[in-house]
Amino acid sequence: NAGVMQNPRHLVRRRGQEARLRCSPMKGHSHVYWYRQLPEEGLKFMVYLQKENIIDESGMPKERFSAEFPKEGPSILRIQQVVRGDSAAYFCASSPPAGASSYEQYFGPGTRLTVT
Amino acid sequence: AQSVSQHNHHVILSEAASLELGCNYSYGGTVNLFWYVQYPGQHLQLLLKYFSGDPLVKGIKGFEAEFIKSKFSFNLRKPSVQWSDTAEYFCAVRGSTLGRLYFGRGTQLTVWP
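Line by line, the protein sequences give chains A and B.
Just so we're aligned: 5 in the working numbering is position 5 of the first sequence, and the numbers increase by one with no gaps anywhere.
Position in the second sequence (from 1) plus 1000 gives the number in the working numbering.
In case anyone wonders, no lab produced these hints; they're calculated from the structure.
Note that the Cβ used here is the ideal one computed from N, Cα and C, for glycine as well.
One or more hints might be untrue.
To be verified - If you want a taste of the chain A side facing chain B, the calculated C-beta under 7 angstroms gives, among others:
| no. | residue |
| --- | --- |
| 1 | Y48 |
| 2 | P61 |
| 3 | E104 |
Claimed, not checked - Across the chosen pairs, the derived CB separations fall in these ranges:
| no. | chain 1 | residue 1 | chain 2 | residue 2 | range |
| --- | --- | --- | --- | --- | --- |
| 4 | B | S1018 | A | E68 | 44 to 54 angstroms |
| 5 | A | I54 | B | Q1045 | 19 to 29 angstroms |
| 6 | B | Q1042 | A | R14 | 23 to 33 angstroms |
| 7 | A | G85 | B | I1012 | 24 to 34 angstroms |
| 8 | A | P97 | B | G1041 | 29 to 39 angstroms |
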């Protein structure tokens, strides 16, 4: 059973460009979470999505950041007009749907975004 | 606001030494508690979890943790560390079954052979 997949693993963008980060959850998982890890800090929650719905976006910056989890395809975290402060590791996690025996979050390998 | 504190940012031990990593949390209700490990160059992996029941939980690779509700703590322990335990360890708390995780800053463990 394949784990959580994220791509690209490394992404370099110039200031002002757009960054698109993709996350494919584990098979059978319908909940996706995005976290950001800044240098010397722990992971910070950004957004929690189910298929076609944003459940909790309280950790998302108000501007330039958006996320979606369409009916078909991976979840996308989109950062418009990137700035140097967006440089970080972005992790995606998935968990099973309600009614499962366990609700652990399984993490992907992360995307390391560097803004030059 | 919910928060998780990990007391040690960097711990250095020799092989066979005992390990205890502290974790305290601030949350008013029922919690689920986790320890994750991140080996160099790899993604986060779940070491162990506490949802309910016996407050002493055992995880993979000989790790265990004890939930002490009165102290809001969930410390990670291992009686005898190995060089292969060198990694970063994260404590995390969740207040609802399918909700977000709150992470501590992480503790970098270095084990010398």
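>> For a quick check of understanding: which of the numbered hints are violated here, in increasing order?
In response: 2
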